[in-house]
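S.K.: Chain by chain, the residues:
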Amino acid sequence: MPGGNLSPSALVAESSVAASRPAATAGSGAMPSPAGGAALRALLRRRTAVLGALIVAVNLVVAVAAPALARRDPQHLDVRVRLAAPTTTHWMGTDHFGRDVWSRVVHGARLSMIVGASVVGLSFVGGLLFGLIAGYYRRLDNPLMRIMDGLMAFPGIILAIALMASLGPSVLNVIFALGIVYVPRVARIVRGSVLVVRESPYVEAARALGGLDLRILGRHVLPNCLSPVIVQGTFIFAAAVLGEAALSFLGVGVPPQIPSWGNVLAEGRLYLQQAPWLTLFPGAAIMAGILGLNLFGDGLRDLLDPKLRGVHGAGREA
Amino acid sequence: MKTYLLRRALAIIPVMLVVATVSFVLIRLAPGDPASVLAGPDATTEDLAQLRTALGMDQPLPVQLVKWYARLAQGDLGQSIFLRRPVLQAVLERLEPTLLLTLWGTLLAILIGVPAGIVSARYHNTAVDQSFMALALFGLSIPNFLLGLVMILVFGVWLGWLPVSGYVPLDEGVWLNARSLLMPAVSLGLVQSALVARITRSSMLDVLREQYILSGRAKGLSERAVVYKHALKNAIIPTLTVIGITVALLIGGAVVIETVFNIPGVGRLIISAVLRRDYPVVQGVVLLIAVTYTVINLLVDLAYLLIDPRIRYTG
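For the record, the sequence lines run as chains A and B. Take numbering that gives the first Met the number 0: the last position of the first sequence gets the number 317, and nothing is skipped along the way. Take numbering that gives the first Met the number 0: the last position of the second sequence gets the number 314, and nothing is skipped along the way.
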């Protein structure tokens, strides 16, 4: 084992290390998290985290209010204004079908938020399920985690592309494919926490009192595994937004007519010379969105999971 | 140590089995009969019947799966539907640009990330540290394909310094080859260096808090000697793990970047295969990438043994 406190275990959380690395996740156990109000105040003291939360909030508002913010139909074609430079009517310009870029970027934000949230949800459900089972029932640990290792042997984007090849382009399939990519990453973290928590006196006490496994898992083990998972959630959200953009950019994600940041960029690539606004505006939107999530995630991590301080951020799956 | 090596090598087997199974399942996820999926739209009824017997499609799934393992063990990845040649051959033909791109990207990520991380740790909490880390966060937030597009716009379209896209094979000259890979490699490596810098910094900070660093300083070693001779040796270990991860992410990133810059590598191969529904190619490429990645991780683990004498993998 690598000695002292420089063990690579701290990295395992987000990393896609395949196979069994000697320093397993057991180290990144559940940190006692400060009580709700104190946590919120501590988070507010970090200016960068607040900035991140603000950016995320703006993104969410844009996503929810998209139809009001961009009254033009993002799919409305108007060939008279093909590839028009930004003007007062189309202030982000138009694409080569004459569709309004502002409209497409704003509705793209909506799609990104939906994909991000759904992928986080899906990977949490799957990851918590497998992680809890693997960590709690020692007999199932090995087989389950070997399957997770196998899935993690594929670089995320590659597995997602392969899944999309079989499933076909659609929003739901993008969510499903990216969800599968992140389930093992969540499962790994949860399992690591469970291994620590299950040995704790209060779990032993609950067992001694004759508590049912399901109840012990739900009432005692699960809540104490959540903080590293929540931190991971922000990074998965960012990675999912990036993943959707990358898949759509490659033409294997969301069908091209649906407004998505990746789709606008894919088109922008073809008209880079004539219409750089097709690249620059959605590009800025993606960057701002990911930056916000990373800032917020960093703050949250410092707060909830100090062990991983300064180690990771998301956004390297694209 | 020998036991560890053996155990570590054997641990690859279940991972490979899962990888092979996943690639087997992929074809079955596709709509339609797997034989016609594998044979492509132009296949005749005889072709289909032939393929069915060859792959044992009439047999139960577990038997088919075992046959699939057996085929893989012999290095048979099947035939590409559109390229009309073995998948392995198609991949090998496209390997050069992807390999070079990944190598250059990794090199850049290390050359930028490691020094930036060390300097940040050495000048912890100063303006230098903060600006490097702000840059790193920025780097983590920019998708590599977006950086590629912006670089094409700036250096290719506006300034006209570099070719907008395309690839010059190594045969036509090392310099021209490197020039055609410069922007793609920077888009990959620069983004990745952010991660490397963050890890290097945090592990360096951990090491600098250790007792032996204190005693080094106490006996009057220069700060230089403390940081670069004593601390770096230990701090580099987590960085090594990240480099293993980096290679994987760069392989994934290369797939995207090749599309941005129109580079005829493995990435273009898999994307065009997806668009043409050339499933055997998708299956084969995905499998090969996973195997490569697993082997790289094994090598990284073994590299620990060489770098850190404290690591004695027993048990």
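The set of hints was computed from the structure by calculation and includes no laboratory data. Incorrect hints may appear among the rest.
[What the hints assert, rightly or not] Here chain B is said to cover these stretches of chain A; the calculated rule only asks that three of the stretch's residues, wherever they fall, bring their Cβ under 8 angstroms from a Cβ of chain B: (1) 107–119; (2) 155–166.
[As the list claims (entries may be wrong)] Reference listing, derived: stretches of chain B covered by chain A, where coverage requires no fewer than 3 residues with Cβ under 8 angstroms from a Cβ of chain A: (3) 24–33; (4) 117–131; (5) 147–160; (6) 243–254; (7) 262–272.
[To be verified] So the derived list for chain B, only partly shown, Cβ under 8 angstroms to chain A, looks like this: (8) 47; (9) 134; (10) 139; (11) 140; (12) 141; (13) 287.
All residues carry an ideal CB built from backbone N, CA and C; glycine is no exception.
S.K.: Confirm or reject each hint.
M.R.: Status of the hints after comparison with the structure:
| no. | hint | in the structure |
| --- | --- | --- |
| 1 | 107–119 | violated (count 0) |
| 2 | 155–166 | holds (count 11) |
| 3 | 24–33 | holds (count 5) |
| 4 | 117–131 | violated (count 0) |
| 5 | 147–160 | holds (count 5) |
| 6 | 243–254 | holds (count 8) |
| 7 | 262–272 | holds (count 3) |
| 8 | 47 | violated, 19 angstroms |
| 9 | 134 | violated, 12 angstroms |
| 10 | 139 | holds, 4 angstroms |
| 11 | 140 | holds, 4 angstroms |
| 12 | 141 | holds, 5 angstroms |
| 13 | 287 | violated, 10 angstroms |
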